[in-house]
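Colleague: Produce the complete structure using the sequences and hints provided.
Chain residues, written in single-letter form:
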Amino acid sequence: MMVEKAALKGITVLEIGDQLTQFAGKLLADMGAEVIKVEPKEGAPSRKIGPFYKDIPDQNGSLYFWNYNTSKKSITLQLETKEGQEKVTQLLHDADVILEGNKPGQMKEWGLDYVTLSKRFPTLVYCSVTPFGQEGPWSQYQSSDIVQLALGGIMAVTGYDDVPDAPPIAPTGGQSYHLAGYFAAMGIVSALLHRDFKKEGQFIDISVHDCVTVSTEMSLPYWIYQKEHVIRQTGRHALPNRSVRWNLKCKDDKYILVLNTYLDTKRWKGLVSWLSSYQLEEDLADERYVDDKYRAQRMEHVTDVLERFCIQFDSEYIYHKAQSIGLPWAPVRAPEDMIHDKHLREDRKVFASVYHPEVNESFTYPGAPYKLHETPWGISKRPPLLGEHNEEYSINLRTSNLSN
Amino acid sequence: MNVQQDLLTGIRVLDFTWSVSGSTTTRILASMGAEVIKVEWPKTPDMMRFSMYAKDDEPGLDNGAFFNSLNAGKRSFTVNIKSAEGMNIVKELIRKSDIITENFSAGVFEKWGLDYESLKEINEGIIYMSISGLGHTGRQKNYGTWGPTAAALSGMTYISGLPDKHPSGWGYSILDIVAGYTGAYSVLTALLYKNRTGEGQYIDISQVETALPLVGTNLLDYFVNGRSSNRPDFPTGNRSTLSADGNKSDFRGAIACPQNTYRCAGDGPNDYCVIAIYNDEEWERFKEAIGKPEWANDSRFSSLTGRIQHQDELDQHIGEFTRKLSKYAVMEALQKYDLVAAAVQQNEDIVEYDPQLSFRGLFETVQHPLLGERLVEGVPIKMSQSSPFIRKSAPLMGEDNDFVLKEILDYSNEEIELLDTQGVFWPLDMPKESFKAVRPLW
Chain A
181 MMVEKAALKG ITVLEIGDQL TQFAGKLLAD MGAEVIKVEP KEGAPSRKIG
231 PFYKDIPDQN GSLYFWNYNT SKKSITLQLE TKEGQEKVTQ LLHDADVILE
281 GNKPGQMKEW GLDYVTLSKR FPTLVYCSVT PFGQEGPWSQ YQSSDIVQLA
331 LGGIMAVTGY DDVPDAPPIA PTGGQSYHLA GYFAAMGIVS ALLHRDFKKE
381 GQFIDISVHD CVTVSTEMSL PYWIYQKEHV IRQTGRHALP NRSVRWNLKC
431 KDDKYILVLN TYLDTKRWKG LVSWLSSYQL EEDLADERYV DDKYRAQRME
481 HVTDVLERFC IQFDSEYIYH KAQSIGLPWA PVRAPEDMIH DKHLREDRKV
531 FASVYHPEVN ESFTYPGAPY KLHETPWGIS KRPPLLGEHN EEYSINLRTS
581 NLSN
Chain B
15 MNVQQDLLTG IRVLDFTWSV SGSTTTRILA SMGAEVIKVE WPKTPDMMRF
65 SMYAKDDEPG LDNGAFFNSL NAGKRSFTVN IKSAEGMNIV KELIRKSDII
115 TENFSAGVFE KWGLDYESLK EINEGIIYMS ISGLGHTGRQ KNYGTWGPTA
165 AALSGMTYIS GLPDKHPSGW GYSILDIVAG YTGAYSVLTA LLYKNRTGEG
215 QYIDISQVET ALPLVGTNLL DYFVNGRSSN RPDFPTGNRS TLSADGNKSD
265 FRGAIACPQN TYRCAGDGPN DYCVIAIYND EEWERFKEAI GKPEWANDSR
315 FSSLTGRIQH QDELDQHIGE FTRKLSKYAV MEALQKYDLV AAAVQQNEDI
365 VEYDPQLSFR GLFETVQHPL LGERLVEGVP IKMSQSSPFI RKSAPLMGED
415 NDFVLKEILD YSNEEIELLD TQGVFWPLDM PKESFKAVRP LW
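One line per chain: the protein sequences are A and B, in this order.
Here the first sequence stands for residues 181 to 584, where the numbers follow this note's numbering.
Here the second sequence stands for residues 15 to 456, where the numbers follow this note's numbering.
By construction, these hints were calculated from the structure, which means they are not laboratory data.
One or more hints might be untrue.
Unchecked claim - Calculated cross-link-like contacts (lysine-lysine; reagent style DSS-like; alpha-carbon spacing at most 25 Å):
(1) B:Lys179 / A:Lys429
(2) B:Lys155 / A:Lys522
(3) A:Lys407 / B:Lys69
(4) A:Lys378 / B:Lys110
Modeller: Structure follows, in structure tokens:
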């Protein structure tokens, strides 16, 4: 599928990185930028990360790699060699951006740091993504996704208040890199705006630790304004004091989020009359509960009643019925359950079909995180095979061809 | 101030966002130098104005603490959009703006006659960015959603938790934050496109959909391999995997074992560290780092597969080591051997003691007329020429009415006074001093 109008059409990015840069690269590529992933000849390390297509480890079969490298091209270069370094310089004649995720100092060792390159390419936008930034006491520390979730404060607020001795919990999925990816992508596009205006490039220093730290909502303000720690609570915001629980079990063993933070009189009455239709309202029909203050003090009890109600019905029934009376409730679904949601699948078309010629199969991929009407998001091509575009960029691994 | 730092100088954002997601978008745009005018009405205030207060403060309309962080750098203009005069003024402002942002429920802007087509008629090249729970189209577009609702629907709540237990979810509204970022990224992209082509844009963001790439590998494992996450051993807690074949993953990256949280010295809820050991070579270094205890030479632990098979026992041994040290001591001891280890930091640790954040100057200072000098989180994009920065505190309600009416719209004092007596800029039945928060949101 070729995207006709694309927001970043004409922008070329060399992505010299892997786990730290791949999501930012995807954000740019799916918006129409030409993103060339520069890999070592054995492939980017994430090609070795599972799960794999049919559970068979293969350099072109990593689903982890697939998720983050849609719409990109792949070339292989040995950056530790002079040939590899010269090829990068050559490619920069037609490139706008370097997006790199190597250890601080590594690119300089290869003669590919911003200071060196910007002398020849003054309008180059150069974005480095590292775990902790280019300099500072932790800049050389080892990192991983769980390290970032621990240091940045996500784990301290995430966990249980109804499981004894439960530790802080790290959400799965590689979330720290997603947060950093957004800031890297924002930084790059803002630098392109600046470049078009001022005719100069610049260096962007993204630290994953910074990005995670600012992405924790109210936790830091609680310290800044109240000098209070916050406590972890199952499925809801960490706060200085315990709040009423939200996730209740349904008949089908799934949980339903009964979000009651924004209950008003009309919704309350709708809820009570729904419970009453099954004679399950207990004492909630008492008129005093209509009063917001009276009810707020008794939400534990209200939730007990709701818990006895929810366990008698399936989560999807509760979801749609609650929504029909204006309650912002929702079932706690596994990601894949979205495929059964017709609003998402049919109306919003949130999944994309991507053809993989190497296995002659089309796969369902996660689709657009935003709908830009004039320049639609799109996966222009499945993730590249290792070195798939070497020929296009005249890369000969044996004897580097620098004749042009 | 270096003029080059004003990346978005001259870009005006007419900002109808409230709560967290949309406000996060416009906070970022403000930090890049855009003029963000938050359109408000005292009778339907942004709930974040009273979601949290400083210790011992009387709840008011203008001293919201979290609001100060979330709306730093913006201006505030109060206008009754439901009056004909108010709507006329809003349309005049749309004509003089580059970007319109809102995160109302689907249909609200349309009901006001401000859908994209109408906005385009007023201002041809306008960029209109909207964030709603389920998007502007589709059979359930009118469903009520907040950040936690979207997290539940998209799987984001589900993917966090201990195996064989109910989901722990996240300790905050992660999709409010991420939807805010998608808003800023897509608006910047639309601006770049507009600068090149003159064309505006309509950006329809659904919070649920912003989760798609965040659970992307998980989805692919289901769509491609048919492996369901509806199983007792998913999520994996803080471990990397629970299966020795390595096929069942936490989608965080490479498989590690040991990988977990471990109790450290102290009894606080956050006296924990995390450790992750990815391969046999690291395992050997790990043994060195913890003083070569005898148990570590057990042959069952010598391969990654063996360690995964016996990780309960392994974790118990490691816990005995970490229990004696502070979380930072564990981090230092293992990092010295180039191993992946870190302390679980809570808010106080981060604000007061984190040496790396302090070195980078992540927190900035703003002066607020009621809250005084306060730290706020910066926007974490360090740029050599055009770094974003927090320019001022959050606005008082209606603080910039004069600026908007006189400087932008050229209204005379007489015109303003006349409209004021009609209640266009403040409700006539609501004296400015009398506001009391109904009750804190939480």
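Colleague: Indicate, hint by hint, whether the structure satisfies it.
Modeller: Right, here's what the structure says about each hint:
1. B:Lys179 / A:Lys429: holds (12 Å)
2. B:Lys155 / A:Lys522: holds (12 Å)
3. A:Lys407 / B:Lys69: holds (8 Å)
4. A:Lys378 / B:Lys110: Holds, because 24 Å separates the two Cα atoms, which is no more than 25 Å.
In terms of the numbered hints stated before, the structure departs from none.
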